[in-house]
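Residue numbers for the first sequence, in my numbering: 1 to 541.
Don't read these hints as lab results, they were simulated from the structure. It cannot be assumed that every hint is accurate.
No farther apart than 20 Å at their CA atoms in a straight line, the calculated lysine to aspartate or glutamate pairs in the EDC-like style are these [stated by the list, open to error]:
| no. | residue 1 | residue 2 |
| --- | --- | --- |
| 1 | Lys515 | Glu496 |
| 2 | Lys205 | Glu280 |
| 3 | Lys137 | Glu120 |
| 4 | Lys204 | Glu227 |
The structure presented is a predicted model; accordingly, all values stated were derived computationally and were not measured.
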Amino acid sequence: MDKEQVAAVLAEIGTLLELKGENPFKTRAYVNAARTLEGLSEPLEKIIAEERLGEIKGIGDALQKKITDLVTTGKLAYYDELKASIPAGMVAMLQIPSLGPKKIKALHDKLQIESIEQLEQACKEGRVATLDGFGEKTQTKLLEGIQFRRTYASRHHLSDALVVAEPVLESLRGHPDVIRCSTAGSVRRFKEVIGDIDFLASSKKPAAVIEFFTSQPGVLSVSAKGETKASVVLTGGIQADLRVVSDAEFPFALAYFTGSKEHNIAMRQRAIQRGLRLNEYGLFKSTEETRDPKLLVECRSEEEIFWSDGRGTLEEIAAHMHELGCDYWAITDHSKASFQANGLDAARLREQIKEVKRINEQFAEEGSDFRLLSGTEVDILKERLDFDDDLLAELDVVVASLHVAGSDEADNTKRLIAAAENPHVHMLGHLTGRLLLEREAYKVNQQAVIDACAETGTWIELNANPYRFDLDWRLWPYAKSKGVKCVINCDAHRNEHAGFLRLGAGIARKGWLTKADVVNTLPLPALLKELGKKNRHPKRK
DNA sequence: GCCGTTTTCGGCCCGACTGTTTTCAGTCG
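All chains should be modelled from the sequences, with the hints used to inform the complete structure.
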């Protein structure tokens, strides 16, 4: 079997398991695996031959074995047995609207219904309405659903859908209570074949818009009508749904209802990985269930949801550090060579500089003295820094760090000294790269680097991350004796890491440093003056 | 059945609407 055939079998297993009442997550695992296989860019046989099947996310031991069986023998006993245990008519019943696996199972268990025809008969005889969880309305709805499938095709050409959708869209846009309105779903994605038409509108009076929608001339029948959502059948038997949200929610709802479903699940998971929560109402800075506007990452358009990370996060950082009582906070993301850390390239860094400026202007307008400083932790590459001097010159603060060190001490030392000699570099970050209890320090002649920093007026970081504490406290008295200033950095990768500053202060004391030795104890105007001095240091090249 | 940069067990996206219920299950998107 090829991957399309295998995917079809896995998807069918998912459906069959649903009808059996299996754990929905187990069911989903099969469906997800089917989609994953469909999306593979190389033949399954090759992947299996190279034993890489298990490396694919979502394919564990069990699926690995089943897929291998299907590809190599074309057969799978588990599938055959499962299929034999469920009447084909039950699978077909899933096509009927409002009928899902649970109800189909109940109909089968209690009334032995195994086909759409038997279901229709049972409804007509009134037997369905007597079941627990069913009633008169459900019975009527099922009969209508069966009839609907017979009368109309369940899927439609895009062109047919657009012909029906566009007049409704125009009409909605013309309504005085509608602020923004768009199609969503498969119509907006321009799928060649669509199931139903989705509309999304923003309004302060959703009820009025819902009422207007359900009374459109093309509406044959109204299948659902709530406060923010309605479903109708339009001319030609095409089902159409309208959701009405507030205008602030509109971008999120538009992204959400445009889908696809798989895309949405992926987006939500990405949000969770970043400590955020995404739903149709917003992107929230919390993984808890919330619609608290204070936690909302503001996005005015759909596009901003995808790129709002920096802006939302910068504002969040600023607010957090301001609240902690800091007068300023430097943003020093990694540079592009640190691709594993999503390092910024020049274009993104320039964007960030603008954003920092915008946020600072906002603080100034609000009468606040707090300021963000734009910066970078630029990678020290083999022969140069990861950014050009032009760009470094635009920044308030430049930290240069060695992330990929070689095994040669002299070479590592040379690279660090070269970085210190760069007129735009204010400080060297985590000099040895050590991770306490995890990774050895790079081989570096620290004394030579400290001497070079003294020569060039470059500061040295005391990285306050408890895994680093780098420069080591034992070396600070020497650095101090040479007149090298210290900067206590918490190496924050999230807001809570600001707490590391306290640890850094303790380590600094342990190294016999005082407030006068630590540059970032200065108030902002004095600090800016010091930052400005670096470029004019006489020993700079 | 899958998965893990706080987890090898306990989660797995999540909210609206409907109909059947007296607080929630099922379906849908």
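Each hint tested on the structure:
no. : hint             : in the structure
1   : Lys515 to Glu496 : 23 Å, violated
2   : Lys205 to Glu280 : 18 Å, holds
3   : Lys137 to Glu120 : 14 Å, holds
4   : Lys204 to Glu227 : 12 Å, holds
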